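S.K.: Each protein sequence line maps, in turn, to chains A and W. Going by numbering that gives the first Met the number 0, the first residue of the first sequence is number 0, and it counts up by one from there. Going by numbering that gives the first Met the number 0, the first residue of the second sequence is number 0, and it counts up by one from there.
What the hints contain is simulated information worked out from the structure, not anything from laboratory work. A portion of the hints provided could be inaccurate.
When the alpha-carbon atoms are kept at most 25 Å apart in a straight line, the in silico DSS-like pairs for lysine-lysine are as follows [stated by the list, open to error]: (1) 153(A) <-> 75(A); (2) 320(A) <-> 388(A); (3) 7(W) <-> 54(W); (4) 388(A) <-> 428(A); (5) 76(A) <-> 82(W); (6) 54(W) <-> 68(W); (7) 382(A) <-> 75(A); (8) 76(A) <-> 428(A); (9) 388(A) <-> 82(W); (10) 82(W) <-> 53(A); (11) 75(A) <-> 7(W); (12) 53(A) <-> 68(W); (13) 428(A) <-> 53(A); (14) 382(A) <-> 129(A); (15) 110(A) <-> 129(A); (16) 129(A) <-> 295(A); (17) 76(A) <-> 351(A); (18) 54(W) <-> 428(A).
To spell it out: a stretch of chain W is covered by chain A in this simulated footprint if at least three of its residues, at any positions, have a beta carbon under 8 Å from a beta carbon of chain A; those stretches are [unchecked claim]: (19) 19-26; (20) 55-67; (21) 70-76.
Partial selection, computed: residues in chain W whose CB lies under 10 Å from chain A [unchecked claim]: (22) 0; (23) 38; (24) 40; (25) 43; (26) 81; (27) 82; (28) 86.
Just so we're clear, the structure is a prediction, and the values are computed from it rather than from any experiment. Don't be surprised by glycine CBs; every beta carbon is placed ideally from N, CA and C.
Below are the chains, spelled out letter by letter.
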Amino acid sequence: MRMLPFNFDRLDSGSIFLSNVAGFHSCLDQSEFDEFIESSATSNRTLNDLLQSKLFVSDNDNLDATQAALSSALAKKLLGELEFRPIFMIVPTLRCDHACNYCQVSRANAKASGYDLDPNAISIIVSTIKRLSPPPYKIEIQGGEPLLRMDLIKAIYDQAESQLQPGNFELVITTSLSLMDESILSWARNRAVYFSTSLDGQQEVHNANRILPSQDSYERLKHSVKRILEELGANRIATVTTVTRSLLEAPESIIEAHLELGINEMFVRPISPYGFANTKPSTEYSIAEYMTFYEKLFNTIIKHNQEGIPLVESSAAIHLKRVLIPGYSQYADLKSPSGLLLNCVLFNYDSKVYGSDETRMLQRVIGDIDFSCGEVNSLSLVKNDLYQKLISSSFNLVHPGCETCAYQPYCGSDPCQHISLMGEPVGDKSLSVFCHYHKNMFRFLLDRYYSHPPTRNILKDWCHG
Amino acid sequence: MEIRELQKSDYTEWVIRNTLYWLTPYSRWQLSDSSTHWIIQFESPSNDLFYELDKLLNDYTLRENVMEKTSTIREAITLNVLKSIQQRLEA
Numbered sequence: 000m001r002m003l004p005f006n007f008d009r010l011d012s013g014s015i016f017l018s019n020v021a022g023f024h025s026c027l028d029q030s031e032f033d034e035f036i037e038s039s040a041t042s043n044r045t046l047n048d049l050l051q052s053k054l055f056v057s058d059n060d061n062l063d064a065t066q067a068a069l070s071s072a073l074a075k076k077l078l079g080e081l082e083f084r085p086i087f088m089i090v091p092t093l094r095c096d097h098a099c100n101y102c103q104v105s106r107a108n109a110k111a112s113g114y115d116l117d118p119n120a121i122s123i124i125v126s127t128i129k130r131l132s133p134p135p136y137k138i139e140i141q142g143g144e145p146l147l148r149m150d151l152i153k154a155i156y157d158q159a160e161s162q163l164q165p166g167n168f169e170l171v172i173t174t175s176l177s178l179m180d181e182s183i184l185s186w187a188r189n190r191a192v193y194f195s196t197s198l199d200g201q202q203e204v205h206n207a208n209r210i211l212p213s214q215d216s217y218e219r220l221k222h223s224v225k226r227i228l229e230e231l232g233a234n235r236i237a238t239v240t241t242v243t244r245s246l247l248e249a250p251e252s253i254i255e256a257h258l259e260l261g262i263n264e265m266f267v268r269p270i271s272p273y274g275f276a277n278t279k280p281s282t283e284y285s286i287a288e289y290m291t292f293y294e295k296l297f298n299t300i301i302k303h304n305q306e307g308i309p310l311v312e313s314s315a316a317i318h319l320k321r322v323l324i325p326g327y328s329q330y331a332d333l334k335s336p337s338g339l340l341l342n343c344v345l346f347n348y349d350s351k352v353y354g355s356d357e358t359r360m361l362q363r364v365i366g367d368i369d370f371s372c373g374e375v376n377s378l379s380l381v382k383n384d385l386y387q388k389l390i391s392s393s394f395n396l397v398h399p400g401c402e403t404c405a406y407q408p409y410c411g412s413d414p415c416q417h418i419s420l421m422g423e424p425v426g427d428k429s430l431s432v433f434c435h436y437h438k439n440m441f442r443f444l445l446d447r448y449y450s451h452p453p454t455r456n457i458l459k460d461w462c463h464g
Numbered sequence: 000m001e002i003r004e005l006q007k008s009d010y011t012e013w014v015i016r017n018t019l020y021w022l023t024p025y026s027r028w029q030l031s032d033s034s035t036h037w038i039i040q041f042e043s044p045s046n047d048l049f050y051e052l053d054k055l056l057n058d059y060t061l062r063e064n065v066m067e068k069t070s071t072i073r074e075a076i077t078l079n080v081l082k083s084i085q086q087r088l089e090a
């Protein structure tokens, strides 16, 4: 038997997680692993067959064919990740009625001028979207608080309906919902319009993070979510929870907040270290602290599921899908090369076009470098060689620290975060927040998946619906 | 400050450098060598640091073992992947 290339990591339960470049994986116990390293086979014949089927080992007669299969799987994976399948983001305004502690994109005051999209640009933006990609289109309206310019959102929808055709697109409005009213609900009712909102916990925590002069962000959100559920249905609203220090001690607050609002699915993530998001010492915490929090949250969610309350934590589902579902690559953060530009084209309020939300954040922080692909009237995906450099330096397969990592085939690359924190795109993975977060998520979730069958069944449901 | 000396006959430079790469969050370190030893100077020694050091030395030695056994296959795979991608791009 001949051993084929693989990487490994030790899980908390004592199992050893193996993966290869094709994305196949297996879990061995310590004695099986020792045998495998020593003699390219274990004493368990069934396990040997499994390892052979997953291209961790080959008999000498089939070595050429096995090598070819591994190569073909890796080539297919790389080409899949290089596909241009963007979400289109449009920023109608940078103005916002909130003044949140950790706003990731900076903001402009709600009454400021010069921070809104020129209505004349909308037709060009939509025609550009049509030229860039075949349907179906996902158009995400970002901010600021986009509902401040509902007129522009309606104009974007109308242009999309006219140029892209109904049924070929959906519009997701990322909003605090503070300005939601009955007229917006009524407008959205028979249109392909969805809402994505931030929910940071129950009233006290949410209002401490999401700062409105009236101090009633949570109450407004609660009312709006209730109305969306009543009028439009549960599939029209999704939440994102950004974990701040005040939430670290109260993971149950996130669950209670979702249950209170009647939402069963949550997406929980650590605070972004980008730009404006983590500049205040009170919001800082380590990924180790986050994982302690996350474990408590996860255990409580699993307990609720076992008691018949079907809660889903989507960041867990996404990490596991990357491992368990071949070809799953719909999450831009977990892509190598990076999903920059390949998975996102952002049309900013000032007509500039960016390859991701993160690049527009970097532009606000590092003003003397042009992170854009030009303006919508003169868009060029190749003119700014920054993108070529960033994408070509984002293949984690060859990154120091990643090349020997068992989670490399499933993980991604975030050149913008590394530029933001370290001044260069590859990053020292031993200090990288991106690496610490995703590696610990994979390690934790796979450990639970393989060491606890009742949890595995719940996680399978999350992954496979 | 604490100095660890590891025999060159026990660990290659690849194992030492990959191990040290992941120790930066625990302590600043400096690597030098003599004809027989790797000499590592740690600025902030701790039990956690040395636990991690031993674990990483062990695991990178195993990884080196796997890499040695699979190096020719690894190179062949890389070549095949490049050929395959080229073919698909030309198709």
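S.K.: Are the hints correct? Go through all of them and say.
M.R.: Going down the list of hints, with the structure as the test:
About 40 Å separates the Cα atoms of residue 153(A) and residue 75(A), which puts this hinted pair outside 25 Å; it is violated. Between the alpha carbons of residue 320(A) and residue 388(A) the distance comes to roughly 29 Å, so the proposed pair goes past 25 Å and is violated. Distance hint between residue 7(W) and residue 54(W) is fulfilled; the C-alpha atoms sit about 18 Å from each other, no more than 25 Å. About 19 Å separates the Cα atoms of residue 388(A) and residue 428(A), which keeps this hinted pair within 25 Å; it holds.
Of the pairs offered as hints, the one joining residue 76(A) and residue 82(W) holds, with about 14 Å between alpha carbons and a cut-off of 25 Å not exceeded. The hinted pair formed by residue 54(W) and residue 68(W) meets the criterion: a straight-line CA distance of about 21 Å does not exceed 25 Å. Distance hint between residue 382(A) and residue 75(A) is unfulfilled; the C-alpha atoms sit about 28 Å from each other, more than 25 Å. With a CA separation close to 23 Å, the supplied pair residue 76(A) and residue 428(A) stays within the 25 Å bound.
Restraint check for residue 388(A) and residue 82(W): satisfied, since their Cα atoms lie roughly 23 Å apart, inside the 25 Å limit. Taking the CA atoms of residue 82(W) and residue 53(A), the gap is near 22 Å; set against the 25 Å cutoff, the hint holds. Simply put, residue 75(A) and residue 7(W) have alpha-carbon atoms about 41 Å apart, too far for the 25 Å limit, and the pair is violated. For the proposed pair residue 53(A) and residue 68(W), the alpha carbon gap of about 18 Å is at most 25 Å, so the pair holds.
Among the hinted pairs, residue 428(A) with residue 53(A) is inconsistent with the structure: their alpha-carbon atoms are about 28 Å apart, more than 25 Å. Simply put, residue 382(A) and residue 129(A) have alpha-carbon atoms about 20 Å apart, close enough for the 25 Å limit, and the pair holds. The straight-line distance between the Cα atoms of residue 110(A) and residue 129(A) is roughly 33 Å, outside the 25 Å bound, and the hint therefore fails. Between residue 129(A) and residue 295(A), the direct Cα distance comes to roughly 45 Å. Violation of the 25 Å bound is thereby established for this hinted pair.
A C-alpha spacing of about 32 Å is found between residue 76(A) and residue 351(A), which places the hinted pair above 25 Å, so the restraint is violated. Restraint check: the Cα-Cα separation between residue 54(W) and residue 428(A) comes to about 18 Å, which is no more than 25 Å; the hinted pair holds. For the stretch 19-26 of chain W, the stated coverage by chain A holds: 5 residues have a C-beta nearer than 8 Å to a C-beta of that chain, and at least 3 were required. For the stretch 55-67 of chain W, the stated coverage by chain A holds: 7 residues have a C-beta nearer than 8 Å to a C-beta of that chain, and at least 3 were required.
Look at the stretch 70-76 of chain W against chain A: 4 of its residues bring a Cβ nearer than 8 Å to a Cβ of that chain, three or more, so the hint holds. Interface restraint check: residue 0(W) against chain A, minimum CB-CB distance 21 Å, threshold 10 Å, status violated. For the restraint placing residue 38(W) at the interface with chain A, the shortest Cβ-Cβ distance is roughly 21 Å, beyond the 10 Å limit, so the hint is violated. Of the supplied interface hints, the one on residue 40(W) is violated, with its beta-carbon coming no nearer than about 18 Å to a beta-carbon of chain A, more than 10 Å.
Below 10 Å, beta-carbon pairs count as interface contacts, and residue 43(W) has none with chain A, the closest being about 15 Å; its hint is therefore violated. At its closest, the beta carbon of residue 81(W) sits 8 Å from a beta carbon of chain A; the interface hint therefore holds under the 10 Å criterion. Among the interface hints, the one on residue 82(W) holds; its C-beta lies about 8 Å from the nearest C-beta in chain A, closer than the 10 Å criterion. For residue 86(W), the shortest C-beta to C-beta distance to chain A is roughly 9 Å, which falls under 10 Å, so the interface hint holds.
Hint compliance for this structure: hints 1, 2, 7, 11, 13, 15, 16, 17, 22, 23, 24, 25 are not met, and every other hint is.
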